[in-house]
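Use these hints to put chain B onto chain A, whose structure you have.
For the protein sequence lines, the chains are A and B, in the order given.
Quick note, the first sequence lines up with residues 1 to 167 if you use full-length UniProt numbering.
Quick note, the second sequence lines up with residues 1 to 511 if you use full-length UniProt numbering.
Note that these hints are calculated values from the structure, not bench results.
A hint or two may mislead.
Going by beta-carbon spacing under 7 Å, a handful of chain B positions derived as facing chain A [said to hold, decoys possible]:
1. I452
2. W454
3. R455
4. A458
5. S459
6. T473
7. G479
8. G480
9. L492
10. L502
11. Q505
12. E508
13. A510
Model, not experiment: these values are computed from the prediction.
We treat Cβ as the ideally placed atom computed from N, Cα and C, and that holds for glycine.
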Amino acid sequence: MSETTGVRLRAPRHRISRKAIPYWTVRALPGWVVLLAIEIAVKVLPDDPPGTWLVAVIVATAVLALVHLAVMPSWRYRVHRWEVTPTAVYTQSGWFDQEWRVAPLSRIQTVDTERGPWEQLFGLAKVTVTTASAAGPLHIHGLDLDVARQLVDDLTAATEASEGDAT
Amino acid sequence: MTELDVAAAPPLNEPPEWLRLNGKMVIISPLKEVVRAAVPLVAVFVAGISTHNWWQWLSLVGVVLLIARGVTHWATARYRITDEQVELRSGLFNRKTRAVPRDRIRTVDITSEWQHRLAGLSALKIGTGRQDKGKDDELILDAITKAEAERLRTLLLTKAVPAPAEQSVVDGQPPEAELVRVDRRWTWYAPFTLSGIAVVAAAFGAVWHFANDLHIRPDDFEIIRAALGVVGTESPWLLIPAAAVALLVVATIASVLGYILSYWNFSVTREQSGTLHIRHGLLNTRSVSIEEARLRGVEVKETLPLRLVRGGRATAVVSGLRTGRGDERGGGLLLPAAPVAQAHLVAAKVLREPTDPTTAALTPHPAAALRRRITRAVAAVLALALVAWIGYQLDILPFWVWIVFLVLTPFSAWLGYDRYRSLGHTLANGYLVSRSGSLVRETVALRSDGVIGWRVHASYFQRRSGLVTLVATTAAGRGGYHVTDAGASHALAFADEVVPDLVAQFLEPAT
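Excised from the complex, chain A in its bound form (with noise of 0.2 Å):
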């Protein structure tokens, strides 16, 4: 049913970098382990368990957790996307539910890099680009770590030569 005339985005020029498939899969295990964890702790261990209905909501949860851990990752890394031009930066992020940002080079406030305990065992690191808004700030993930550190030095060089005060 999408419409088929006038404009749409297009998608930006640059991937991140193929290690967030894993790194993705890795983080969203534990929630899943925990939560089967305690669905089957419920039912082994009391002396009176729940009935089968409880067995139906654990065999559920992991085809879910199966279908997401197996799905989720790499669907999000043919999403994620970011670039930078002369006037801007723009990102493309999500999987199920999609993002498109676009910040001009010349209101934006902080560039930062930021590396979790993951992200580091990975070698990725995400770059958080802040304008004076509390809704705007974009953030592009799973980036190779000399990738991001070019980056960074790219934007804040860019941001130093714009003038105003970026609200």
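Positioned in the frame of chain A, the structure of chain B alone reads:
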């Protein structure tokens, strides 16, 4: 950063002397703290006595600590205003200095709670433009005399030569133009704000919690037991309307009282320097000053009940003033519940426009948005009905609950339709105008040069329907203003129209 080490701060050229906060705060501050903490303190004390526990004395220790905190803050706090910045240093064990550069000051907010007013004092809060840092970004002088607060307000926002505190009250007042003053007859609109229901719920919650802490059970009271007895015997068909009427009456009284307490003598004025000045309050008074250059637009809000009586509220969209959070609530309020025509009038005056841009004719959204609205509204109620039915089957809920949800379905569908009817956007005289909502219909007009970026959001279902939600990000107000469920292609063309040459480079013809 705004926090510096005291020792590291170098002395400025002939710095002005450090001033103390007002000495009456030694009395006011503990009073304020103790009154605020009274309920839990008493609860702990009484509960402790009744169970003969040692920890009953904790509440007394708490009182002493609160008093000590207030006194040390007063005793250690010093502030000064140099040519470059406002500085405040305080703390006994954890000394800190906060400095706000004067050219970053966007708003000055003067509040006098009733305890302050007993002593003729005010608390002055200086806001800068940074949205993401929350409370850390503020500098609060609590408390100074009213005259001193007035002097600082004028000084900080007009950058004029400071006048001595004593003089400023007499001749330091710049001439002001009054934009609006609330007519006392508009109190009539208060019941339609439903703010009373929130007050009643909060009061009920507090009493419930308190009673629970003291091990008082509802059965202990003859009246409540009698009432509960009636509740047990009467049929729900009589009980629910009766409870609704009772709630409505109490909520009405509460909202009228709240309106009078908060918005007594509400007025908006503009000084010659271009500073907007909003004043209101009966017991606790508040005075918010906004640098006009920081104004990015206005927002008109109409709740469903207010719409029925053609009422509405107007809020300023200002950078450096957050809306809708705790103390900050109502900071940018331009007009409380009043005739909606008045809300538009004050909005136009504040923006210096001949007409309020929020009244501009809007482009409606595609039919797919209508389908989405109705599907979502009906599905939500039907899901609740299903859950309630399952609850009935499991003997958790009485029979009538799921019937109620079923009966609500047509109303919910109408709500979905009304939500669609509210949707719309346009670009009028350099303002991005967007409207949405049914229970709370919000129309925002945002200056297009205040837009500092875009977000385009599309859920899986939105993509299938060719819709997107376009969000204009801004340094002001809520930070982002939504154009919900617009046609994808149309929304992108609109974004390009509002801020030329930004998104155009990322567009391609759709196939």
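Now for the hints, and whether the structure bears them out:
Taking 7 Å as the C-beta contact cut-off toward chain A, the hint placing I452(B) at the interface holds, the least distance being around 4 Å. The closest approach between the C-beta of W454(B) and any C-beta of chain A is roughly 5 Å, which is under the 7 Å cut-off, so the hint is satisfied. At about 5 Å, the closest approach between the beta carbon of R455(B) and any beta carbon in chain A falls short of 7 Å, and the interface hint on this residue holds. For A458(B), the interface hint holds, the least distance from its beta-carbon to any beta-carbon of chain A being 5 Å, beneath 7 Å.
Given hint, S459(B) at the interface with chain A, holds; its Cβ is 4 Å from that chain's nearest Cβ, closer than 7 Å. Interface restraint check for T473(B): the shortest CB-CB distance to chain A comes to about 4 Å, inside 7 Å, so the restraint holds. The interface hint given for G479(B) holds, since its Cβ lies 4 Å from the closest Cβ of chain A, which is under the 7 Å cut-off. With 7 Å as the threshold, the beta carbon of G480(B) comes within range of chain A, its nearest partner Cβ sitting at about 3 Å, so the hint holds.
At about 5 Å, the closest approach between the beta carbon of L492(B) and any beta carbon in chain A falls short of 7 Å, and the interface hint on this residue holds. Interface restraint check: L502(B) against chain A, minimum CB-CB distance 6 Å, threshold 7 Å, status holds. This hint holds: Q505(B) has a C-beta 6 Å from the nearest C-beta of chain A, less than the 7 Å allowed. Satisfaction of the interface hint for E508(B) is found here, the shortest Cβ-Cβ separation to chain A being roughly 4 Å, below the 7 Å cut-off.
The interface hint given for A510(B) holds, since its Cβ lies 4 Å from the closest Cβ of chain A, which is under the 7 Å cut-off.
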